[in-house]
Amino acid sequence: MLNSPEPAENLTIYIALILFAVLALALTIILLFFVSRKKISQKKLEAQALKLKHKSDLIIYNIETQEMERQRIAQDLHDDIGSQLNLISLGLHRLQKVGSKIEQEETDAILLLTEGVIDRVRSLSHELLPPILEKFGLIAALQEVEFNYNKINSIQLNFKTNIDDEDIYVDLSRRLHLYRICQELIQNSLKHGKAKCIRMSLLGQNDTLILSFNDDGVGFDVNKLDSGKGMGLMNIENRVEMLHGTMSIESELHEGSSFQIRLPKLEKDERDH
Amino acid sequence: MKHHLFILGFVTLAALGILSTLTSLKFKNHELPWKIIALYVGGSFLAQGVSMLFWTFEMNNLTVLHVYSLFQFIAFSAFFWTTTQRRAKRQSILIITVVISILLIINSIWNESLRDFNSLGVFVSNGTIVVYSVLYFFEVLGSDSYTKNHLIVNAGILLFMCESLVVFLFGNYLKEVKFIDQIGLWLTHAITYFLFLILIYWNHVKLARTR
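As you go down the protein sequences, you meet chains R and X in turn.
Under our numbering, read the first sequence as residues 1 to 273, first letter to last.
Under our numbering, read the second sequence as residues 1001 to 1211, first letter to last.
Isolated chain X (complex conformation) (with noise of 0.2 Å):
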């Protein structure tokens, strides 16, 4: 079974190479959120390598998941930061993601283990974002402006963050729980975020269609 999950995991990691390939493609076109998705997308191409390569050597690779929700949360943290109007919740956007990346970092090296999935991390820089994703939806409704073009990728974040939120939380339990009883939520992991790749994609032809 473990044979599988890793087989899956290189098919998500060619899956972000690809998706990676195109949405760098006329990266200079791209307005200012969209090229942080395409970074994004190719950091999280660039983190699944190397995690992928840990794995093969089968070295703890849990330490990549401390820096990449690191990199995920200033990703979709300066995304959300382009993508608002009011000036208010830009500097509070700002404020917010200096200070909670500083703690994920205080509690990567002092508090949770670099060996170990950083549950509280992730709570706490998953919620943020998935907060930020709700009140952009709030916004998008009482305004005209062009942010209207990236309300697919926001689904998206909003699902898959909501998933690993929970899935990240508790993965410390399941390490004591059997790989067989596991399954079914790494699986679950495992859809969401191929389904987040989708909806990435087809924002990315939607604003290519539009430009």
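For reference, chain R alone in the conformation it holds in the complex (with noise of 0.2 Å):
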């Protein structure tokens, strides 16, 4: 074709043409590539978020599962335990007036260390699922945690708060999750931040309770927290999550920490159910 004597017109015309063919097929590479690279992108996007939703899952699961057992123990141990120990007390008090004096020796140490067992019982029982929780509600509990942690000299605990009806705010097992909440923080200052003064505030804004914590301990950088959150934190994360709010933390070394979380106010009908 190119040797054959045509016309210049048409020899440049058929040049003209493979040049832009092979443009078009350039373009079309360039423009697949892209247009792939934007679907891998997506997908991969959407199995990440798979996995993270499945992560996830397993962690609420396991938050659910635990309370549950932990709410079967405490019962077992009031109910079963507790009220078995204390029928052994009761029977030692008899036992303690009809012996003879040895017998009423041995038996008085018996009794002392039964009425031992029955406190530690009732103090684990409490610790697992606090009853001031259920009887008088989120904000007592949190006082009595202020008062408990305020009895250790060392450690300042600060709480304060404006609401006055809870129920509009939280139910039963919102309690829970945000009693849970507050105990893993003030853990996770004192175990690793190692702070002396916290203070802790709930408060009710609109349609909002804000849940604020602050202590003076050692901090940490934040950005490092992508690489490598605590199980503590991530319970915090999970629980937070479980209530429909979000967290925000500020934080940096050597200058303590804070938290923010912030719920939603209870639909009317979650709150009549």
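Keep in mind the hints are simulated off the structure, nothing from the lab.
It cannot be assumed that every hint is accurate.
Unchecked claim - When the alpha-carbon atoms are kept at most 27 Å apart in a straight line, the in silico BS3-like pairs for lysine-lysine are as follows: (1) R:K39 / X:K1206; (2) R:K191 / R:K224; (3) X:K1035 / R:K43.
What the hints assert, rightly or not - Over the 10 Å line for every Cβ pair with chain R, so calculated as not near, a few chain X residues: (4) L1053; (5) I1106; (6) A1155; (7) V1167.
For clarity, every value in this text was computed on a predicted model and none was experimentally measured.
Each residue gets a CB set at the ideal place from its N, CA and C atoms; glycine is no exception.
From these two lone chains plus the hints, build me the complex, please.
Structure, rendered in structure tokens:
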């Protein structure tokens, strides 16, 4: 074709056609690449989101199972072992009055031990499921936490609230989760942060319940959180997620740390339920 | 009309001068692939300058094309060598570059005249670069490496190499055609080359922002 004596115009037209065909091919390759790349990254994101959701579901399931198990153990300790120990204690009291002096002394020792076990069982049962939380609500339970910690001289815990009617914001299951979040935050502050002073507040603002937590501990680098979160913090995050809330963390090394958790107010039907 | 093409040559020279100045700024901070691109732009500026000088004195400047196509082939091969993370591909690029470079030199000395277009040489060297460029896209699709930083310039290389492959392949036939009939092709070549330079600049700005 090229060696044939074709008119010059025809030759340039052929070359132009080849040129545009090649350019169109190159453009198609580029376009295909960018479209495929977008699709691949979308798929990768979807897979990542699915993986995260699965992980989060597993943790939530774990938390729920853990809470149910805690309740069951607390109830068993209180109703079964606790009442049986009380019966033993009553029996021992009766024996104390009828036996010889040596028997009375032995009964005294056993009674002392039994009462010690009763106290331990009670406190274990309360730790697992604080009765105050169920009977008097979250505010009272947190005030009790404040009171208990302030008994230890080296730690100063300050709790304040502006909520009169906590039922607007929390039902029983939410109370328990929020209580556990506070427990976890305090534990983290004391154990990892070596904090001496903790300020905690639970404030109601229109449709939002705000839990603020500040400490004067050693703090941490927030940027490094993504690479390695502890179980405690992951637990808090998952509980916040379960409550459909959001959490923000601010901290710097040697500057303490601060957490703010925002939860939406309960809907009316949720409150009635 | 030839006068207009001559002006276009100087505009290209100016554009290359500006781009080589921009890409050579903070040269030490560039990643190795981008250092190669900066050197390529600088080399192109030099080649265009020499070519325009030959043209001004009405001397045959096609000798410059022979040297330039070898330089361009080595530069782009080095670019793709640095962007790949596969050892086998690196070794292949190295071997292919040495073999084709030797063949290009042999071709220019004994086969295609230095006073004519080196159609065969351009076809082989540009064709190889086109293959590298397409393989680069494939590699990027399956990896999360830093090679993604040079996607824009790779798109430019693919377009420009495909275009110049065709134009220079038929360069010697075009010499027989009246100038008025070939102006459209050379204009397309100029537009593609400017587009390529714009893509280099775009990639350069993108890299500077991420640095």
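Within a Cα-Cα threshold of 27 Å, do K1035 of chain X and K43 of chain R meet the stated pairing? Measuring from Cα to Cα gives roughly 34 Å; hence the hint is violated.
Evaluate the condition: distance from the CB of V1167 of chain X to the nearest CB of chain R exceeds 10 Å. 7 Å, violated
L1053 of chain X remote from chain R - nearest C-beta pair above 10 Å: 28 Å, holds
A1155 of chain X: least C-beta distance to chain R exceeds 10 Å? Nearest chain R Cβ is 5 Å from A1155 of chain X, so the label is violated.
With the threshold set at 27 Å, check whether the alpha-carbon distance from K191 of chain R to K224 of chain R stays at or below it. Distance of about 19 Å is within 27 Å: holds.
Given hint K1206 of chain X paired with K39 of chain R - CA-CA distance at most 27 Å: Holds. K39 of chain R to K1206 of chain X sits at ~22 Å (cutoff 27 Å).
When you look at the beta carbon of I1106 of chain X, is every beta carbon of chain R farther off than 10 Å? Its Cβ never comes within 10 Å of chain R, the nearest being 24 Å, so this holds.
Comparing the model with each earlier hint shows violations of hints 3, 6 and 7; every other hint is respected.
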